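Participant: Residues per chain, in single letters:
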Amino acid sequence: MCEVKVITGTSAAAEAAKLADVDVIAAYPITPQTTCVEKLAEFVANGELDAEYIKVESEHSAMSACIGAAATGARTFTATASQGLALMHEMLFIASGMRLPIVMMVANRALSAPINIWNDQQDSIAERDSGWIQIYVEDNQETLDSIIQAYKIAENEDVLLPVMVCLDGFILTHTVEPVTIPKAERVRDFLGVYEPKHAYLDPDRPITQGPVGVPDCYMETRKQVEEAMERAKKVIKEVNEEFSERFKRKYGNGLVEAYNLDKADTVLVAMGSVCGTIKYVIDELKKEGKEVGLLRIRTFRPFPKEDIKEFLKDANNIAVLDKNISLGFNKGALGIEMASILKNKKVCNYIVGLGGRDITIDNIKSIINHVEKAEDDETVWVGLKE
Amino acid sequence: MQFPREELFAPGHRGCAGCGAAIVARLLLKAAGKDTIISNATGCLEVMTTPYPETAWRVPWIHTAFENAAATASGVEAAIKALKRKRGKYKDKKINVIAIGGDGGTADIGFQSLSGAMERGHDMLYIMYDNEAYMNTGIQRSSSTPFMAATTTSPAGSKIRGEDRPKKDVAMIMAAHGIPYVATACISYPEDFMRKVKKALSIEGPKFIQVLQPCTTGWGYPPEKTIEIGRLAVETGIFPLYEIENGEFRITYKPAKRKPVKEYLKMQKRYRHLTDEDIERIQKYIDEKCKLLGL
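Top line first, the protein sequences correspond to chains A and B. Going by our numbering, the first residue of the first sequence is number 1, and it counts up by one from there. Going by our numbering, the first residue of the second sequence is number 387, and it counts up by one from there.
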């Protein structure tokens, strides 16, 4: 039926792009994304994937070429990290504004200065408002599955927005795990063929894409993206369900994943691979008779406000972990969002793992101890040197 | 040469009276025909032709940003190849992928994207419509602004006499990429420009044409003089017309006798601060350049 390979997160991403039978890849190398685009180059060179591979001269051109290709009607893929994502910044807004269903793997890495190739999530968090759907994955299997799902979500006519699938640099990109690779026909059947009705370049039906948005219409275009984001919540849930029926794997409700929430008064909220460590700690504490929960945020955009409120309605000690920091506000992006929707609860924010600082089991335990004793909302930088 | 009657660049756009960029677009599409996709950089041409919900383009057209018309066109070209091969789209039609940008969008901010696209060998034509400054933002100097021309960021002051650097030679830099076809053109010579477009499109691979188009607003002359000034730019040798096909250089228009550059400079406000001595200096510079090109 399917094959299990022991592969890195970047290879899983490349396998997913191959399974999605992408038409155009435009990519520029950057650590820790490189092994993904190397793998794809191999697939194309060996004829395993029939795609045009544009070896662009920068990430700005990578995204520009993806936009050009997507606007022509092709299924496109790219991958980047950190400085490369920052260089794409301008084009990210254009991809979403032009409603192009581009899918991108982001290997989460710290931003300079000082230059640092290791993991945190500052790079993708800095693109929070770009109109891209952001999915944060916990492991390599989820990387593969999420990229396949991403095309189904992005190309849905109720959505038509680009998606970035974010995996933690090195922790996932360079760590091998067993990954189940579905059969290509089954993925093709799940995704169907991308046939855009809204945006394509064809001399038989000339259209103008990317005109000047005068003040009379610009604001409506922004509102339309916001409405598409709202509709995407439903679509992401449906895609998660359909995926689980077909491939027998499921990621919470698609937007969030609840872990041991039922009896827990203390709940950690986090995104990405750190959730694996948190689950381990929760299991250990359970053996000691202590109940702690985890709410894993899978989609940071669209932000699942309603689900979060519902899942956390009985929790009193909420600890939000952020691998990013909004400098000048002393909170991470997730901490800020959580505080804004959970107004009558104690929400402490923990800044963790910046620039590849390890997040240990002891760190997680100290966070649990801290939030249970804290009298008010607090921000704590965890694991700083004395 | 036959000029097709069909107008693929529609009238009623927002260009200034006497706009040279509009003439570039009109002639370009007459030469390229309807099986053409345009990737337009941000700039005058893009702004004046597509105020939503209007468009002057009767061919498929895309604009994404300022510095990336070539990269965007790379994606379009690659997508056409993939869609033809994998899904039988566009039937067997030959589609012209043409990127177009002003001198700022080409020689300055879009230079890396252009160089990348040319080096990668995409089957596309890049048109640089050269009006020798950032006209859309209000006449600021670009690297394509000629020596001593006054712009808002290279004003003629008491200490600095306009632009203090010579015009960047983008066509020659493109030729150094070893691409199969490079040419210069001017809207005042429509047959020559259209022939070059047609020739470029008949060749597979990356092609580049730099087309000079006088700008009534930025250069400071009456709108009805656009064609006349363009002709003088060529007749004086300040903007020579040539093509480089597979590395072979050929002058495509050789004035019987080059006119003094003074005739060209005196018609434009951007040069009105020049003294006889300045003009003499420019004349000498042009003489040297023309000698190199065999003009």
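Honestly, I wouldn't trust all of these hints.
To be verified - Cross-link-like lysine to aspartate or glutamate pairs, in silico, EDC-like; alpha carbons within 20 Å at most:
| # | chain 1 | residue 1 | chain 2 | residue 2 |
| --- | --- | --- | --- | --- |
| 1 | A | K55 | B | E614 |
| 2 | B | K475 | A | D21 |
| 3 | B | K470 | A | D307 |
| 4 | B | K479 | A | D202 |
| 5 | B | K472 | A | E386 |
| 6 | B | K475 | A | E245 |
I should point out that these hints are in silico values taken from the structure, not numbers from a laboratory. None of these values were measured; they are calculated from a predicted model.
Participant: Confirm or reject each hint.
Facilitator: Hints versus structure:
1. A/K55 / B/E614: The given pair, whose Cα atoms are some 44 Å apart, is violated under the 20 Å limit.
2. B/K475 / A/D21: holds, 16 Å
3. B/K470 / A/D307: Between B/K470 and A/D307 the Cα gap is close to 44 Å, so the pair fails against 20 Å, i.e. violated.
4. B/K479 / A/D202: Distance of about 11 Å is within 20 Å: holds.
5. B/K472 / A/E386: With a Cα-Cα distance of about 59 Å, the restraint between B/K472 and A/E386 is violated, given a limit of 20 Å.
6. B/K475 / A/E245: Not satisfied, since the Cα-Cα distance of roughly 33 Å exceeds 20 Å.
In the structure shown, a violation is registered for the earlier hints numbered 1, 3, 5, 6, in ascending order.
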